[in-house]
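Asks: The listed protein sequences correspond, in order, to chains G and X. Under full-length UniProt numbering, the residues of the first sequence are numbered 1 to 812, in order. Under full-length UniProt numbering, the residues of the second sequence are numbered 1 to 313, in order.
There may be inaccurate statements among the hints.
Stated by the list, open to error - Result set (DSBU-like, lysine-lysine): computed pairs, CA atoms no more than 35 Å apart in a straight line: (1) G:670 <-> G:657; (2) X:234 <-> G:193; (3) X:234 <-> G:515; (4) G:770 <-> G:785; (5) G:295 <-> X:252; (6) G:216 <-> X:185; (7) G:500 <-> X:234; (8) G:515 <-> X:235; (9) G:593 <-> G:785; (10) G:500 <-> G:593; (11) X:145 <-> G:197; (12) G:433 <-> X:50; (13) G:433 <-> G:503; (14) X:252 <-> G:101; (15) G:197 <-> G:209.
I should point out that these hints are in silico values taken from the structure, not numbers from a laboratory. Values in this document were obtained by computation on a predicted structure and should not be read as measured data.
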Amino acid sequence: MQKLVVIGAGMASGRMLEHLLDAAPDAFEVTLFNAEPRGNYNRIMLSPVLSGEKTFEEIVTHDDVWYAANSVITRFGESVTAIDTARKIVRSEKGETPYDKLVIATGSAPFIIPLPGHNLPGVVAYRDLEDTNAMIEASARPGAHAVIIGGGLLGLEAAAGLRLRGMEVTVLHISGHLMERQLDETAGYLLQKDLEKRGIRVITRANTKSIEGSGKVERVLLDDGTELKADIVCMAAGIRPAVALGHAAGLDMGRAIKVDAQMRTSDPDIFAVGECVEFAGNLFGLVAPLYDQAKVLAKTLLDEDDTFVVRELSTKLKVTGCDLFSAGDFAEGPTREDIVFRDPARGIYKRLVIEEDRLIGAVMYGDTADSNWFFGLIKDGTDVEEMRETLIFGPAFQGGGGAAADPLAAVAALPADAEICGCNGVCKGDILKAVEGGAHSLETVRAQTKASASCGTCAGLVEQVLAVSLGDSFEMPTAKPICACCDLTHEDVRVLIKTKELKSQPAVWQELGWKTPNGCHVCRPAVNFYLLADWPLEYRDDPQSRLVNERNHANIQKDGTYSVMPRMWGGMTTPDELIAIAEAARKYDAAVKVTGGQRIDLLGIKKEDLPAIWADLNDAGMVSGHAYTKGLRTVKTCVGSDWCRFGTQDSTGLGIKLEKRLWGSWTPHKVKLGVSGCPRNCAEATCKDVGIICVDSGYQVGVAGAAGMDVKETERLVDVASEEEAIEWTVAFVQLYREHAKYLDRPYKWVAKVGLDWVKDVLADESRRKSLVERFDLSQTVYQKDPWAERAAPAEARKFQPLADFTQEAAE
Amino acid sequence: MDDLLEAPTNTFIRIAEVWVPEGDRLVLATGTYDGLEGFGAASARATFAKGEGLPGKAWAEARPIVLRTLDDSTFHRAKAAAASGLTAAVAIPVFAEDVLLAILVVLFADAAHVGAIEVWEDSANSLVLSDGYYGTAEEFERVSKATTFGHGQGLPGGVWASETPILMRDLGASYGFLRSESAGKAGLKTGLGLPIPTPGDKIYVLTLLSAPGTPIAHRFEIWDARAERVGPEKKALRIDGLCEREGFLAPKENPPLDALSVTAWQGPIGRVLGSGLPHVQVGGAGLPAGYTQMVALPIHHENGLAYVVAWYL
Numbered sequence: 001m002q003k004l005v006v007i008g009a010g011m012a013s014g015r016m017l018e019h020l021l022d023a024a025p026d027a028f029e030v031t032l033f034n035a036e037p038r039g040n041y042n043r044i045m046l047s048p049v050l051s052g053e054k055t056f057e058e059i060v061t062h063d064d065v066w067y068a069a070n071s072v073i074t075r076f077g078e079s080v081t082a083i084d085t086a087r088k089i090v091r092s093e094k095g096e097t098p099y100d101k102l103v104i105a106t107g108s109a110p111f112i113i114p115l116p117g118h119n120l121p122g123v124v125a126y127r128d129l130e131d132t133n134a135m136i137e138a139s140a141r142p143g144a145h146a147v148i149i150g151g152g153l154l155g156l157e158a159a160a161g162l163r164l165r166g167m168e169v170t171v172l173h174i175s176g177h178l179m180e181r182q183l184d185e186t187a188g189y190l191l192q193k194d195l196e197k198r199g200i201r202v203i204t205r206a207n208t209k210s211i212e213g214s215g216k217v218e219r220v221l222l223d224d225g226t227e228l229k230a231d232i233v234c235m236a237a238g239i240r241p242a243v244a245l246g247h248a249a250g251l252d253m254g255r256a257i258k259v260d261a262q263m264r265t266s267d268p269d270i271f272a273v274g275e276c277v278e279f280a281g282n283l284f285g286l287v288a289p290l291y292d293q294a295k296v297l298a299k300t301l302l303d304e305d306d307t308f309v310v311r312e313l314s315t316k317l318k319v320t321g322c323d324l325f326s327a328g329d330f331a332e333g334p335t336r337e338d339i340v341f342r343d344p345a346r347g348i349y350k351r352l353v354i355e356e357d358r359l360i361g362a363v364m365y366g367d368t369a370d371s372n373w374f375f376g377l378i379k380d381g382t383d384v385e386e387m388r389e390t391l392i393f394g395p396a397f398q399g400g401g402g403a404a405a406d407p408l409a410a411v412a413a414l415p416a417d418a419e420i421c422g423c424n425g426v427c428k429g430d431i432l433k434a435v436e437g438g439a440h441s442l443e444t445v446r447a448q449t450k451a452s453a454s455c456g457t458c459a460g461l462v463e464q465v466l467a468v469s470l471g472d473s474f475e476m477p478t479a480k481p482i483c484a485c486c487d488l489t490h491e492d493v494r495v496l497i498k499t500k501e502l503k504s505q506p507a508v509w510q511e512l513g514w515k516t517p518n519g520c521h522v523c524r525p526a527v528n529f530y531l532l533a534d535w536p537l538e539y540r541d542d543p544q545s546r547l548v549n550e551r552n553h554a555n556i557q558k559d560g561t562y563s564v565m566p567r568m569w570g571g572m573t574t575p576d577e578l579i580a581i582a583e584a585a586r587k588y589d590a591a592v593k594v595t596g597g598q599r600i601d602l603l604g605i606k607k608e609d610l611p612a613i614w615a616d617l618n619d620a621g622m623v624s625g626h627a628y629t630k631g632l633r634t635v636k637t638c639v640g641s642d643w644c645r646f647g648t649q650d651s652t653g654l655g656i657k658l659e660k661r662l663w664g665s666w667t668p669h670k671v672k673l674g675v676s677g678c679p680r681n682c683a684e685a686t687c688k689d690v691g692i693i694c695v696d697s698g699y700q701v702g703v704a705g706a707a708g709m710d711v712k713e714t715e716r717l718v719d720v721a722s723e724e725e726a727i728e729w730t731v732a733f734v735q736l737y738r739e740h741a742k743y744l745d746r747p748y749k750w751v752a753k754v755g756l757d758w759v760k761d762v763l764a765d766e767s768r769r770k771s772l773v774e775r776f777d778l779s780q781t782v783y784q785k786d787p788w789a790e791r792a793a794p795a796e797a798r799k800f801q802p803l804a805d806f807t808q809e810a811a812e
Numbered sequence: 001m002d003d004l005l006e007a008p009t010n011t012f013i014r015i016a017e018v019w020v021p022e023g024d025r026l027v028l029a030t031g032t033y034d035g036l037e038g039f040g041a042a043s044a045r046a047t048f049a050k051g052e053g054l055p056g057k058a059w060a061e062a063r064p065i066v067l068r069t070l071d072d073s074t075f076h077r078a079k080a081a082a083a084s085g086l087t088a089a090v091a092i093p094v095f096a097e098d099v100l101l102a103i104l105v106v107l108f109a110d111a112a113h114v115g116a117i118e119v120w121e122d123s124a125n126s127l128v129l130s131d132g133y134y135g136t137a138e139e140f141e142r143v144s145k146a147t148t149f150g151h152g153q154g155l156p157g158g159v160w161a162s163e164t165p166i167l168m169r170d171l172g173a174s175y176g177f178l179r180s181e182s183a184g185k186a187g188l189k190t191g192l193g194l195p196i197p198t199p200g201d202k203i204y205v206l207t208l209l210s211a212p213g214t215p216i217a218h219r220f221e222i223w224d225a226r227a228e229r230v231g232p233e234k235k236a237l238r239i240d241g242l243c244e245r246e247g248f249l250a251p252k253e254n255p256p257l258d259a260l261s262v263t264a265w266q267g268p269i270g271r272v273l274g275s276g277l278p279h280v281q282v283g284g285a286g287l288p289a290g291y292t293q294m295v296a297l298p299i300h301h302e303n304g305l306a307y308v309v310a311w312y313l
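Work the whole structure out from these sequences, hints included.
Replies: Below is the structure:
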């Protein structure tokens with residue numbers, strides 16, 4: 001009888017032995033080594049053991065009885081230290097064991113990030129029963145804290161298990177969303193929401209700096225200064241094939257032990273199976289291909305023909321109550337088409353990716369009923385052209401037509417206490433009561449509840465609540481949605497972002513039922529603005545959702561060059577600044593133009609020169625004039641009382657103060673200000689978005705002027721006595737505009753919609769006015785930064801070199 | 001685990017009854033009496049208005065109710081209960097959104113049995129003990145009263161956060177810090193946690209905690225019937241289970257393609273899928289080998305029947 005030695009009692013070798021012994025129980029004398037002091041168990045089911053939902057006994061695949069019945073000689077707890085291929089023996093702690101055939105199934109080892117403190121007691125990986133028991137032991141202490149480094153499958157299962165054990169758990173994940181290898185942003189968002197519902201804290205984009213403690217782990221520090229208490233730290237940052245034995249034996253190696261399609265290594269009597277192998281450039285981490293390999297290897301050992309082929313994989317996260325599925329490739333691409341279905345009320349998201357009439361990827365969250373069917377379509381490469389329209393609804397709907405997504409789902413999902421009308425504090429429940437009481441039109445609801453009675457922005461939402469309540473008996477007026485990606489208007493989206501506290505793009509796409517995976521060139525810039533305006537601290541500005549000029553921080557000109565315009569506060573400059581501008585113009589061969597906004601524009605700058613000219617102008621103390629943004633542009637002033645004999649107040653000084661307060665802020669459209677020192681209005685303030693006319697008694701603040709496609713005089717907002725009041729009213733007006741206007745509406749258009757009286761009423765309320773100013777200033781702590789200084793740094797500057805292809809990054 | 005794999009012994013649960021609304025009263029639909037037919041006869045004669053007796057009280061209050069003693073003041077059938085040696089009871093309302101479908105009443109015998117039935121409810125973003133019957137586990141009862149669970153914490157918190165029934169095997173080591181030690185001392189090792197949806201905003205979680213020697217039941221099963229998991233057809237997948245005779249009943253594959261499946265009206269679980277009502281059965285077809293009684297409790301979410309939890313005696 002031939003001697004078969006197997007190194008490693010993992011899932012792959014266990015399955016291989018089952019196949020082998022089933023087919024030919026007497027073909028080999030089998031000796032099974034395992035470094036762990038136990039036999040085969042279902043390692044991927046350690047998660048429910050950790051959570052207490054299974055016992056270890058339940059996941060043992062082969063017990064002593066099985067080994068005895070199958071005459072397998074077990075050498076558990078005994079590590080193999082070397083393979084002598086010439087003598088065909090393996091060396092272990094207890095001596096030498098000869099083989100005729102050898103199977104290496106050493107699996108993988110967890111990757112331990114070499115952070116300072118990674119060797120402290122209390123830092124564990126998540127690989128075997130010992131790790132699992134260490135975590136269970138840590139969870140038995142009252143108030144214990146766990147930090148999981150890694151938001152992949154294993155890390156999240158560990159987190160859920162430890163939470164169920166009662167620990168305070170934080171997951172640190174370096175990417176922007178969880179399980180980014182298996183899930184897209186929306187599914188990652190839903191998963192995070194689900195885990196947070198379980199009391200697990202998730203920090204994405206988390207850079208761990210160090211693990212600290214005196215004699216044992218006590219805390220984890222992040223780069224941003226965050227300090228997290230930790231009684232145990234679990235590193236779940238990936239695995240590496242455990243291939244030292246194969247390497248030392250001189251086998252052909254890639255990233256792991258190279259095998260052919262029969263699982264044979266470069267030595268004809270040595271085979272490898274499982275996570276320690278590399279086949280056709282692939283490594284393996286999920287169990288399905290390991291089982292395929294096991295089957296092939298059993299046949300190879302019995303001299304039967306079989307061939308291992310890499311197949312599509314699907315993923316199931318073993319967290320009770322989390323239903324997600326992903327398979328195939330779901331990256332975006334120019335030849336790919338997405339089909340998206342969302343049900344915000346039920347937390348369901350499905351996305352199919354089709355290329356050349358074949359389903360190539362699927363991501364599902366909350367509803368995985370049809371996952372096997374979709375997985376089959378992917379694996380089989382089925383032509384789906386005929387069922388394209390109903391594909392997303394699954395097999396039950398093929399041929400019968402599918403249910404359409406409900407455009408009212410986002411509103412139907414709102415709880416009764418969700419605020420619909422912010423002006424008058426009217427909740428969805430109040431409107432429903434009015435509807436029950438007989439109010440069946442917008443007008444009657446408005447009369448009874450005051451919903452939409454002030455600025456009117458929420459009228460569309462009120463109508464949707466009516467439609468949800470009354471069904472077909474209420475005829476919805478047709479409102480123009482933002483774009484084809486959704487059924488909601490800009491105003492609806494703005495209100496819902498606030499009401500539902502949506503703080504990320506994936507949250508908006510999912511909770512508001514977007515029909516595309518992540519918006520388009522029309523809706524993304526708008527949603528990006530709404531999010532940063534409402535949640536300046538929580539939301540991170542997304543450059544990919546910006547128009548090209550904002551992304552490049554310069555206006556592209558008709559010949560492909562760019563213009564560069566430094567800020568001149570209130571239109572004032574100095575000889576040194578002028579010299580720096582002149583030198584820069586000469587150095588970069590720029591045309592020089594004095595603008596209507598009292599600044600100097602340098603035209604004809606090549607893209608690759610932008611960082612250098614910005615750095616030169618920065619060195620001279622100048623910052624970007626933001627001449628390309630939907631944000632504050634200029635504050636045009638006259639010379640005012642310092643120089644002009646008619647000047648009544650220091651208009652230049654006020655203009656400079658306003659510009660220094662407002663610069664850097666993002667707004668729905670561009671914002672231009674003017675301050676004139678007397679009613680002669682030399683600064684042309686009466687056609688600005690905010691125009692202030694100084695008079696003897698103080699300041700006349702006008703708003704909503706225009707001098708572009710439309711020409712319109714400002715309307716008087718308020719007369720105030722002091723400069724401080726003028727600034728306060730101006731800042732509050734700009735913030736009100738930021739919080740309420742539709743993206744790409746200039747202030748005059750917005751005021752026309754909401755009514756100047758409403759604007760006046762809001763701003764006349766001192767507490768609301770001051771709150772608006774506070775919120776503006778809070779936003780400025782994040783956004784009042786010079787983009788030139790940030791992009792003149794070498795790493796950022798490289799993005800402006802010709803090799804960089806911005807067309808590939810464009811959101812539009 | 002040992003408590004569920006040992007040779008069958010007397011179970012903590014003795015009787016299960018299903019009461020259904022008929023007009024403005026609850027009437028007995030079915031019951032399993034395990035040799036205590038005297039009590040069954042008393043039940044067959046009884047009906048309850050809303051607020052009346054244990055079933056009526058669970059209907060009126062729309063919450064699970066635990067009776068720690070079965071005396072005349074709270075339990076109409078007290079004499080029959082005393083004659084049958086029944087000592088405690090729990091009534092579990094089954095609602096489909098606002099509609100009461102049935103009341104499942106479970107009665108326990110012999111106070112010397114170790115085991116616990118608890119009702120947890122939300123209060124200030126935690127779960128607190130609302131009601132409970134602990135048999136002889138007095139220390140555990142004291143500790144439980146002083147314990148709260150956050151979202152996702154312990155068996156009650158896990159059920160609350162996941163809105164899913166959970167069968168926990170290793171209660172002693174995991175059941176909340178203070179409780180774990182006393183649970184271990186009391187011998188409570190296995191726990192079944194169930195979300196009990198009711199009209200209104202209140203959250204209720206029912207836990208059945210089992211001890212070696214006096215298990216709550218000899219076999220447990222959790223079936224997932226959500227359309228999100230099984231599709232539009234009325235069917236269910238067995239996602240977890242434990243059996244003294246057959247061992248572990250959970251799927252072994254990942255993804256769990258090997259999960260056992262039943263369709264509506266196929267066997268006793270299929271009957272619950274089809275009717276949406278609790279089902280109790282003595283003998284008859286469809287029970288697993290070696291079992292003579294079963295109780296199956298449906299759990300309805302707003303989108304329909306979501307789970308079926310079954311236990312067998």
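Asks: Indicate, hint by hint, whether the structure satisfies it.
Replies: Outcome of the hint check:
| no. | hint | verdict |
| --- | --- | --- |
| 1 | G:670 <-> G:657 | 19 Å, holds |
| 2 | X:234 <-> G:193 | 29 Å, holds |
| 3 | X:234 <-> G:515 | 29 Å, holds |
| 4 | G:770 <-> G:785 | 23 Å, holds |
| 5 | G:295 <-> X:252 | 18 Å, holds |
| 6 | G:216 <-> X:185 | 30 Å, holds |
| 7 | G:500 <-> X:234 | 34 Å, holds |
| 8 | G:515 <-> X:235 | 30 Å, holds |
| 9 | G:593 <-> G:785 | 25 Å, holds |
| 10 | G:500 <-> G:593 | 47 Å, violated |
| 11 | X:145 <-> G:197 | 24 Å, holds |
| 12 | G:433 <-> X:50 | 28 Å, holds |
| 13 | G:433 <-> G:503 | 30 Å, holds |
| 14 | X:252 <-> G:101 | 30 Å, holds |
| 15 | G:197 <-> G:209 | 27 Å, holds |
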